[in-house]
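Start from the sequences, fold in the hints, and give me the full structure.
There are 2 protein chains.
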Amino acid sequence: MTVATIEAVDFFYLRMPEVEAIADNSQDSLLVRVASGNDVGWGECDAAPLVSIASFIAPMSHGICRPVQDSVLGQLLDSPADIARINKLVRANGLDLLQTSHTLAGIDMAMWDLLGRRRGEPVWRLLGHEQSHGKTPYASQLFGDDPAETLAKGKAQRDRGFRAVKFGWGPYGQGDARSDREHIAAAREGLGEEGILLVDAGTVWVDDLEAASARLEALKTHRATWLEEPFISPALAAYRQLAELAAPLRLAGGEGAHNFHMAQQMIDYAGIGYVQIDAGRMGITDAKSVADYAAQRDVRFVNHTFNSHLALSASLQPFAGHEKDDICEYPVEARPLAREITQSMIERDANGLIRAPDAPGLGLEIDTAAMARYLVQVEIKIDGEMLYTTPALP
Amino acid sequence: MTVATIEAVDFFYLRMPEVEAIADNSQDSLLVRVASGNDVGWGECDAAPLVSIASFIAPMSHGICRPVQDSVLGQLLDSPADIARINKLVRANGLDLLQTSHTLAGIDMAMWDLLGRRRGEPVWRLLGHEQSHGKTPYASQLFGDDPAETLAKGKAQRDRGFRAVKFGWGPYGQGDARSDREHIAAAREGLGEEGILLVDAGTVWVDDLEAASARLEALKTHRATWLEEPFISPALAAYRQLAELAAPLRLAGGEGAHNFHMAQQMIDYAGIGYVQIDAGRMGITDAKSVADYAAQRDVRFVNHTFNSHLALSASLQPFAGHEKDDICEYPVEARPLAREITQSMIERDANGLIRAPDAPGLGLEIDTAAMARYLVQVEIKIDGEMLYTTPALP
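Each protein sequence line maps, in turn, to chains A and B. Be aware that the first sequence starts at 1, since it is given in this note's numbering, and climbs by one per residue. Be aware that the second sequence starts at 1001, since it is given in this note's numbering, and climbs by one per residue.
Worth double-checking, as some hints may not be accurate.
[What the hints assert, rightly or not] Derived contacts from chain B toward chain A, CB cut-off under 7 Å, selection only:
{"no.": "1", "residue": "H1062"}
{"no.": "2", "residue": "C1065"}
{"no.": "3", "residue": "L1236"}
Worth flagging that the hints you see were computed from the coordinates, not collected in a lab. C-beta: ideal position from N, C-alpha, C; glycine also.
Written out as C-alpha cells, the structure reads:
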C-alpha cells in the first residue's frame, strides 16, 4: 500500500475586476488545492488572499511562529484522525502567527474533500452524520440604501420563493434608531407576515450596549427571529447583557470565531441563541466540534457563508445530520466569480430546502476555465529568492 | 499651524542569520517607522514580519477586509484621541483580516513615540500616568534541556542580581509530571529560597485540565508565584477550573490577547491573578485599557516582552504609574539583533528596578547601522505591480 502523504498545497487568488468597499465577501477568493497520491481536494479560505498566502510560505520567526506549510506538507493523510492531528499541529506551530487559522480553514476543507473522494464518501458521513437533512435556506442580502429599496429586496426574495430572508449591513446602525426602525418595518412588509425575518447589524455597535438596546423595540415589534452581531465577537459581557434585554428576540453571532474555543466562549458567556460558523475561517474540523457543543447546550448552529458554493457545501457538512438545526445561510447576491468557480451549485429541492450533497467529498467540481478568468498573478521574493508565484492552473 | 497627518509608514524586516525552532521571539523583528510633518516615531510588531507587511499593503477584499494602510495613511495625528480614533478605524476596517492587530500594534507604538517626541513628553505621561514607578524585573529565560542546566540557569541569574526569574518552554510539559517536578525543584534551588519563581508552560496542555493539574503539587511545594499559560488564551473554562485547584498558586496569561476584549475575557472568566500583555501584539492603546481594567478587578498587570528594548519600553508604558503592578518581564536571552537595534537599553537602577524612561516618546533611539546588518529584502508584486519593496534605511 502506498503511504498517502500531502505532496502539494497550491493557492489560487481570484478577484473581480472591481472590488467595492461594501460587506460583500464574494468579491475575491482564495482557493486551495491539496494533492496526495492520485487524489486532489479543494477548499476556499474566507480570508485576505495575499495575507494568507504569505502565512503559508513566510520564513519561520521562531518555534511557534512557523509558516503553515511546515505543518502540512509531507503529513500522512489517510483518515479523519490525520486531519485532526494536522489541525492541532498547525495551530500549535502557528500560535503567534495570527493569520494561521484563516489559511488553515481552506486547507482543512481541501483535506476533507480529498479524503471523501479517496473513500467515495461525502464529508458529512466521514464526520459521523448518518444523513444530510434538508434545511430552510435564508436568502442572505444587504439592506437597501433606503427603506423603499429594502422593501423591494424583501419582496424580490419572497417572489423567488424564500421563506426566510436576512438583511444586513448597509445603512443599518449607521444612522439613528428611527431610521433603522423604518428599514426593519420595510423588511417585514416586503417579506410578508409569515416570513422568517433575520437582521444582521455587522458589529456596528462594537460593544455599545446602549446603542444596541435602542434598536430592540423595532425588532420585537416586527418579530425578527434574531439580531445578529450587534457587537464584535469578543465583547461577551455586552452580548450577555443585551441578550437579557432582547428576549424573546434571540441574538446570533460567531462568524468572527476562528477556532473551536472562541465559539465555545460565545455559547458559554454571550447568551446567544444561534452560533454562526464559517468553515472558511476555522475549518470543517473545528466547526464540527462547535456544532456538537452547541447541540449539547441547546444553542442552534447555523453556517455563515458569503463565498462560493464550495464554501457553502463545506459549511453545511458540520451540522448536516443535526435535524434541530434547520435553517442555513444561502448567499443570493454573490458576484459572478463566486458563482462560476464551481461547475454546479447547491439548489433548492421541491420543498424549497437545501442540503449538503450526497456525493464524494464536498460534492462539487471546480471550473478551472472560470478560475482562469479571475486569477491574480502574485510574486513574493525574499533576499532574491522567489517564495511564491501563482501556480499554473490544473 | 500645519495640519499634522501621517505621511508615511515604513516596515523593516530584520532577521538573524540563523532562526531556530525554539520559543525565542527575538530571532527576527518587524520595525515600523511612522512619519508626520517633521517628526518620526518607531514601533516593533511581535509578529511574522512578511505576513504583517502583506496585511499593510494587500489589495482590499471587501469593506471590512481592507489593508491596514487604508486606515492609517493621511490620518490626522495630533493628540491621544487621534491615536484612539485610528485604532478604532483600523480594527473596524480590518475585522475580517486576521493579521491586522499584530500589524497595528507596531504602528500604534510608533504613533505614541511620535506624539511624545512632538510634545516633548514621555508616552506614560500622555497616557495619564503621573509618574513612572520602578518595577522588579524578572529575568525571563527558557528552561534548561535537563534539570542540571535549569539549576545552572537559575544560579546564573541570581548571580547577576535578579530577585525574580521566570523559566519557560523547553522540555517543560513535554515529558511526564515527574520530569517537570525535577525542573521545578532545580529552578527553585538555583534561584535560592528567597527568590520569586515564575513558571511558563507555554500553552503546552492546550485545554487539558488533567495534564495541567498533575503539575500543581510540585509548583506549590516549590512556592512558584504563578503558573503561566497552561492553556491557550481562549480556553477560559479550563483556566477557571485550574485556577480553583491551583490556589494559592496563581495563574498568569494573556499574551495571546490581541485586543482589549480578549484580555477582558481572561480577567472576567479565566480566574487569572496576572494578566500579561504584549504591546507588540495589541498596541499601547488597548494595553492601557487592559491595565486600567485589571486594576479595577484587582488582577495584576504585567508586560509580556521578548523582543528589543523599544518593545520593552512600549510594554512598560501602559502600567508605568500603577504602583501595585510591581513586577515586569525583562528578557535576558535576547539575540544580538534585539539588543543592537536600540542605541541604549533599559538598565536596572541601584535598587535593581527598571522603569519606563523619563524621556520624550518611548525614550530610545534606533541604531540604523545595526538595522542594516539584519535587514531582509522583500518584494511583493501583484499582476506585475510592485506593492512593497524594503525601503531605504534612514
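Hint-by-hint comparison with the structure:
Because the beta carbon of H1062 (chain B) sits about 5 Å from the nearest beta carbon in chain A, less than 7 Å, this interface hint is met. Interface restraint check: C1065 (chain B) against chain A, minimum CB-CB distance 5 Å, threshold 7 Å, status holds. This hint holds: L1236 (chain B) has a C-beta 6 Å from the nearest C-beta of chain A, less than the 7 Å allowed.
Figure legend: structure checked against the earlier numbered hints; every hint is met.
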